[in-house]
Amino acid sequence: MKGRDLRRVTTDVEARRPASLEQAAERAHRGRALVEQARLAARAGQPPPPLPAGPAAAVPAPRVEATACARCYRPHEAPPNTPCPVCAADDPQPLDDLDALPITTPGDTAWS
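In our numbering, the protein residues as written are 105 to 216.
If you're looking for bench data, these hints aren't it; they were derived computationally from the structure. Each residue gets a CB set at the ideal place from its N, CA and C atoms; glycine is no exception. Where hints are given, some of them may not hold.
[Claimed, not checked] Beta-carbon label-pair distances, calculated as ranges: (1) Asn185 with Ala146: 49 to 57 angstroms; (2) Pro166 with Arg120: 16 to 24 angstroms; (3) Pro152 with Tyr177: 51 to 59 angstroms; (4) Pro153 with Arg121: 23 to 31 angstroms; (5) Val139 with Pro166: 34 to 42 angstroms; (6) Pro153 with Gln127: 19 to 27 angstroms; (7) Ala129 with Arg167: 34 to 42 angstroms; (8) Pro189 with Ala142: 53 to 61 angstroms; (9) Arg134 with His180: 41 to 49 angstroms; (10) Val190 with Leu138: 51 to 59 angstroms.
Could you build all of it, start to finish, from the sequences and the hints given here?
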């Protein structure tokens, strides 16, 4: 079952939370001014003014967790589907696509 990552939601809410009462008051005044401009434009039959650009979105840090190596299955602390330090030293190319790994079955020549 897939669900929302609550850590990310909490981080987003914390990022939007005003740091001080002055910042909260400033945001409220700017928001009220935007609403007033849109109301006056609608009353005059004009389209609403464009909204100002918000702050640049922060790039989330890669999720690090206790996981198994994507190649040898050793446990290590890293983002999911990444090789452990030993496998990364053996093959410096990142493992981007797990579907690119060859899958061998007993009928393949590798098992013969």
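Hints, verified against the model:
Roughly 50 angstroms separates the CB atoms of Asn185 and Ala146, a value that falls within the hinted 49 to 57 angstroms. Taking 16 to 24 angstroms as the suggested C-beta distance range, the pair Pro166 and Arg120 conforms, at roughly 22 angstroms. With their beta carbons about 56 angstroms apart, Pro152 and Tyr177 fall inside the hinted range of 51 to 59 angstroms. Pro153 and Arg121 have their C-beta atoms about 27 angstroms apart, which keeps the hinted 23 to 31 angstroms range intact.
The supplied range of 34 to 42 angstroms is met by Val139 and Pro166, whose beta-carbon atoms lie about 39 angstroms from each other. The given range of 19 to 27 angstroms is respected by Pro153 and Gln127, whose C-beta atoms sit roughly 23 angstroms from each other. Under the hint 34 to 42 angstroms, the C-beta atoms of Ala129 and Arg167, about 36 angstroms apart, fit the expected range. Between Pro189 and Ala142 the beta carbon distance is about 55 angstroms. The supplied range of 53 to 61 angstroms therefore holds.
Taking 41 to 49 angstroms as the suggested C-beta distance range, the pair Arg134 and His180 conforms, at roughly 47 angstroms. Checking the proposed 51 to 59 angstroms range against Val190 and Leu138 shows it holds: the Cβ atoms sit about 55 angstroms from each other.
Of the numbered hints stated above, none is contradicted by the structure.
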